[in-house]
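Asks: If you're matching them up, the sequences are chains A and B in order. Numbering that gives the first Met the number 0 puts the first residue of the first sequence at 0, with every later residue one more than the last. Numbering that gives the first Met the number 0 puts the first residue of the second sequence at 0, with every later residue one more than the last.
No lab work stands behind these hints, which were simulated from the structure alone. Since the model is a prediction, treat every value here as computed from it, not as a measurement. Be aware that one or more of the hints could be misleading.
[Said to hold, decoys possible] Which residues of chain B face chain A? A partial, calculated answer using Cβ under 8 Å:
hint : residue
1    : Gly140
2    : Pro141
3    : Ser248
4    : Ser256
5    : Asn257
6    : Met263
7    : Gly270
8    : Leu277
9    : Ser280
Where a beta carbon is used, it is the ideal one built from N, C-alpha and C, also for glycine.
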Amino acid sequence: MINFTWHECKMLDTEFLESNPVYLTMPTDSDETFQIYFTALRNLAEQNIPIAHSVNTSTSAKACLFSSTNPPHWEFANRTCPASFSVVKEYDTLNIRMDTKLVNGSKAWVSTLATGEFGIFKFIGECKGLQSPHFLLEYTYKGTENFVEEYKNVCGPGMFQSGTGEFYLKDYTVEPVFHLFASDPVKALPLNKALALMVPTILYGGCIRLVNELEIKTAELNKLTNDWQRIVDSGLTFNLSKDYKALDEQISDFYYKVKQLLADLCGTIIQNSLVKFYNPETELGKYFYDSMVYSTHKNSNLFR
Amino acid sequence: MFDRQFLTDNPVFQTNYITADQHQCEQYFTSLLDIAEQDIPLAHCISKCTSVRNDLTLSRHTYHNTIARTAFVGCQSVWKPFDTVTLTQDLKLVGKKHFVSNLPIGEYATLQISKGDTKWVVYVDLNTRADMEYTYNTITGPGMLETQTGEIEFVNKPIDETCLIMEVRQDPRWDLRESHNHFFFTTNFFGASKGLFKLIHKPVKFSYDIGYLDHLWQTVLQSIKTDVSSDKYWTLQNTAYIASKRLLSELVCEIISNWGGEFMGSSNPKGKYFYDALVFSCHRGAYGKVKDRHMLAR
Chain A
0 MINFTWHECK MLDTEFLESN PVYLTMPTDS DETFQIYFTA LRNLAEQNIP IAHSVNTSTS
60 AKACLFSSTN PPHWEFANRT CPASFSVVKE YDTLNIRMDT KLVNGSKAWV STLATGEFGI
120 FKFIGECKGL QSPHFLLEYT YKGTENFVEE YKNVCGPGMF QSGTGEFYLK DYTVEPVFHL
180 FASDPVKALP LNKALALMVP TILYGGCIRL VNELEIKTAE LNKLTNDWQR IVDSGLTFNL
240 SKDYKALDEQ ISDFYYKVKQ LLADLCGTII QNSLVKFYNP ETELGKYFYD SMVYSTHKNS
300 NLFR
Chain B
0 MFDRQFLTDN PVFQTNYITA DQHQCEQYFT SLLDIAEQDI PLAHCISKCT SVRNDLTLSR
60 HTYHNTIART AFVGCQSVWK PFDTVTLTQD LKLVGKKHFV SNLPIGEYAT LQISKGDTKW
120 VVYVDLNTRA DMEYTYNTIT GPGMLETQTG EIEFVNKPID ETCLIMEVRQ DPRWDLRESH
180 NHFFFTTNFF GASKGLFKLI HKPVKFSYDI GYLDHLWQTV LQSIKTDVSS DKYWTLQNTA
240 YIASKRLLSE LVCEIISNWG GEFMGSSNPK GKYFYDALVF SCHRGAYGKV KDRHMLAR
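Could you put together the complete structure from these sequences and hints?
Replies: Have a look at this one:
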């Protein structure tokens, strides 16, 4: 009955990515790579949500770096290592000094921090006079007094394998802050579409797996399958004049519904006390805890 | 942490439900509710221990009645579909008993076992653990770890005939025994619900459920020493049981749907309480699939 010990599960590493190069596919390259990548990501999420999530953060970070106008960033984008991608939230205290390029403060809920080589951190809104600036943070000095990492908040079996933690920086030098597509927001649309579809695709993979495990049929999943396929089939192309808005709404609508379905499926397990899902040291039990924790991403009361 | 010292320090939890009067029962269940609101595994351990005390009090053998009056750590476990422990014709226990709480520190146990076509509650002295093997990997986290739940494998363990306390469901004493077992689950589910309700800042949409359940719980408590074999009594018990288990499941689902963050990490107090509540909520199966005769509408 005991398959493994959940806290000893291997996190995403370079070896895995190099052995499974489909996860190094860049979805922003073409319609075809977009479709290949998201199909692979969905399949991976059906097997292992935290690994799929780390693949998402790695690809997201690299996709941003490919879009940078600063050539040294492209070297990072071509690496085969895991990486983090995280948005700076109101509870984070990260602060950048533009003149000295020194960063101080804390950043919580950073996925793939444990095994990543670098991370991309995005500020929402205006920061230091720039709109939505991103910055690249190399993890070279992780573990030194300038870069302290902790993993205290994510110590349950759910999503433990995503290597999520928080860090504190003290006078840490960063690469120049870069602002993606500052002068041409239209060019950012393919990247934004790819980034926006990552989490919903993983949630969707989770729904497929739990529906199979529960041996139930849901009309909702059939409908979401059609929605997801339509989004993926449309690739990177869209009509700028009207579809930009429609595209955004289509993914947002899919995201909301698929997140709700995953939470409902976890609720079905809980309300029916289906004990076979409760042991985290079976593959099925671990999948349940991963699904449950993943379904809480971006919940309204998440950090109250 | 639950142990014999805890019982010595908190004599209310040594209450003998079988012999207690109405006032003592009220004190016991009110205190249990308070504990469950703070620490679900501890409440569960206390309840299981009281169940053993009840069984030993109901036994027709003076030796068992004497033990029931002492402070001890007890292990009680009902028959599970995957249990294999049987009593052979030459009175030897053979096979596995799963999900036994308090197992490493348990001194006396009352376990449901198979005997031919019937099921029985048997007494087992755990102070001498010969002819028994133990494993503690039944629950590996993240919730209810402090209940120290494990499995016993009996290897031809001889027992005395006096250890057969009562036949499951057929004995006239069964209703009285189940009265406590049923209500301690109701109490602990309700306490866990109150604990979660507090942690999510008492949202209005659950405050009515909490109020209703509080009223129902008080009503059962007021009738706890009445005729425990009547249909009226069990209808009331069942209603409160189902309402408390359902509310706990709904609060757990509420946290998954609208909360997260600290609740999802089992190493902080909020997360620990959530995972205890999650795992505890699955005890005794789904409220919609009750099989015990006390759970059927009368």
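Asks: All hints are to be evaluated individually against the structure, with a verdict given for each.
Replies: Now for the hints, and whether the structure bears them out:
At its closest, the beta carbon of glycine 140 of chain B sits 6 Å from a beta carbon of chain A; the interface hint therefore holds under the 8 Å criterion. Annotation: proline 141 of chain B was flagged as interfacial toward chain A, and the flag holds, the nearest CB pair being 5 Å apart, inside 8 Å. Taking 8 Å as the C-beta contact cut-off toward chain A, the hint placing serine 248 of chain B at the interface holds, the least distance being around 5 Å. With a least beta-carbon distance of about 5 Å to chain A, the hint placing serine 256 of chain B at the interface is held under the 8 Å criterion.
With a least beta-carbon distance of about 5 Å to chain A, the hint placing asparagine 257 of chain B at the interface is held under the 8 Å criterion. For methionine 263 of chain B, the interface hint holds, since its Cβ comes within 8 Å of a Cβ in chain A; the closest pair sits about 5 Å apart. A least Cβ separation of about 6 Å between glycine 270 of chain B and chain A falls short of the 8 Å threshold, and the interface hint therefore holds. At about 7 Å, the closest approach between the beta carbon of leucine 277 of chain B and any beta carbon in chain A falls short of 8 Å, and the interface hint on this residue holds.
For serine 280 of chain B, the interface hint holds, the least distance from its beta-carbon to any beta-carbon of chain A being 6 Å, beneath 8 Å.
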